[in-house]
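Asker: Generate coordinates for the entire structure from the input sequences, incorporating the hints supplied.
One letter stands for each residue in the lines below.
2 protein chains.
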Amino acid sequence: MQSLQEKASQWSGVHQADAFAIDETNLFEKLGLQSFINLSTNFYNRVYDDEEEWFRSIFANSKKEDAIQNQYEFFVQRMGGPPMYSQRRGHPALIARHRPFPVTHQAAERWLQHMQNALDESSDIDPESKIKMMNFFRHTAFFLVAGDELKNQNKQHQVGCKCKHAAEKPAEE
Amino acid sequence: MQSLQEKASQWSGVHQADAFAIDETNLFEKLGLQSFINLSTNFYNRVYDDEEEWFRSIFANSKKEDAIQNQYEFFVQRMGGPPMYSQRRGHPALIARHRPFPVTHQAAERWLQHMQNALDESSDIDPESKIKMMNFFRHTAFFLVAGDELKNQNKQHQVGCKCKHAAEKPAEE
Chain A
0 MQSLQEKASQ WSGVHQADAF AIDETNLFEK LGLQSFINLS TNFYNRVYDD
50 EEEWFRSIFA NSKKEDAIQN QYEFFVQRMG GPPMYSQRRG HPALIARHRP
100 FPVTHQAAER WLQHMQNALD ESSDIDPESK IKMMNFFRHT AFFLVAGDEL
150 KNQNKQHQVG CKCKHAAEKP AEE
Chain B
0 MQSLQEKASQ WSGVHQADAF AIDETNLFEK LGLQSFINLS TNFYNRVYDD
50 EEEWFRSIFA NSKKEDAIQN QYEFFVQRMG GPPMYSQRRG HPALIARHRP
100 FPVTHQAAER WLQHMQNALD ESSDIDPESK IKMMNFFRHT AFFLVAGDEL
150 KNQNKQHQVG CKCKHAAEKP AEE
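So the protein sequences, as listed, match chains A and B.
Heads up: the first sequence begins at 0 in numbering that gives the first Met the number 0, then just goes up one per residue.
Heads up: the second sequence begins at 0 in numbering that gives the first Met the number 0, then just goes up one per residue.
Because the hints were derived from the structure by calculation, they are not lab data.
Being a predicted model, the structure only gives us computed values, none of them experimental.
Just so it is clear, CB atoms sit at the ideal spot from N, CA and C, and this is done for glycine as well.
Careful: at least some of the hints might be erroneous.
[Unchecked claim] Simulated restraints, written as ranges between beta carbons of each label pair:
1) Met0(A) to Asp49(B): 25 to 31 Å
2) Asn151(B) to Asp123(A): 33 to 39 Å
3) Asn60(B) to Glu5(A): 16 to 22 Å
4) Trp53(B) to Asp65(A): 38 to 44 Å
5) Ala16(A) to Lys63(B): 25 to 31 Å
6) Asp48(A) to Asp48(B): 57 to 63 Å
7) Tyr47(B) to Gly79(A): 34 to 40 Å
8) Asp125(A) to Met133(B): 47 to 53 Å
9) His14(B) to Trp53(A): 38 to 44 Å
10) Asn44(B) to Ser122(A): 50 to 56 Å
Answerer: What follows is the structure, given as structure tokens:
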């Protein structure tokens, strides 16, 4: 069975090594907290104003300011800064925390388009960092699509209603 | 609804701030790679030799050397070292990757007992670091028990077979 990260690489077109090139330099030290806050604010302004109702509705149960904070705290923590996210909320547990949302290929692509636009407008992030960050975001978005499939496996079981005692299948070999 | 981290704190008896006191100092720099390899090796030797078949069987589909590597690479990455885990396997996604396993309260306690014994035998880890690590492990173990409940919610749905089109419920408010 293909692993989560193999699916993420295949669907995103981003190799694992390129996705985690964000770790080659400390992007938090390079860019500073405010750049991350600005990026997430710009991103979620776009998301909450999206003309596509199907996409906007994914975020309808979250306050915009909470979404912004959750995102930039995770980015800061993952890109070399203080563990702001975990101090407040525990482990990122990315797949489990996205479980309420329909993370489809289509949703991933729209998320990424908003993030690309937000990055394009970020004058406080240098071009090389933008490329690294976008590779990370692209790979991660499709990692979450792969994670979403685990949930859909369960749903198919529900529909079939044949698997009352079915064992959980490993996500990884 | 109680969040994952609130359940983790309640069930483990470890406050969020104590769980993430591992971030106060860089434990990787303090202890070095070999200490983490030794700890995970000692831990999994105990797990694979456990006299309790119900617990040992949880790990039966994984090779011991793979389990050791996955664990120490995650610990190294999370405790201030290089991102060895993500370079090889992508995001930790702790809850999703534990999805194949029955992470019950009883299993968490037994996992923790083996880890406590392994730490007790680790002469290359100082007492203060051991306390920090154990708080982190204890909180994380019950964070995963909380994550496991999400899966059980689905299973209950399957048994009831009433929820063909049931919406996913958020794990967090």
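Asker: Look at each hint and say if it fits the structure.
Answerer: Structure-based check of all given hints:
1. Met0(A) to Asp49(B): 25 to 31 Å: About 27 Å separates the Cβ atoms of Met0(A) and Asp49(B), which means 25 to 31 Å holds.
2. Asn151(B) to Asp123(A): 33 to 39 Å: Taking Cβ atoms as reference, Asn151(B) and Asp123(A) lie about 45 Å apart, which means the hint is violated.
3. Asn60(B) to Glu5(A): 16 to 22 Å: 18 Å, holds
4. Trp53(B) to Asp65(A): 38 to 44 Å: Holds, at about 41 Å.
5. Ala16(A) to Lys63(B): 25 to 31 Å: This hint holds: roughly 27 Å between Cβ atoms.
6. Asp48(A) to Asp48(B): 57 to 63 Å: 58 Å, holds
7. Tyr47(B) to Gly79(A): 34 to 40 Å: 36 Å, holds
8. Asp125(A) to Met133(B): 47 to 53 Å: With Cβ atoms ~42 Å apart, the hint is violated.
9. His14(B) to Trp53(A): 38 to 44 Å: Holds - the Cβ-Cβ distance for His14(B) and Trp53(A), about 40 Å, lies within 38 to 44 Å.
10. Asn44(B) to Ser122(A): 50 to 56 Å: Between Asn44(B) and Ser122(A), where Cβ atoms are some 54 Å apart, the hint holds.
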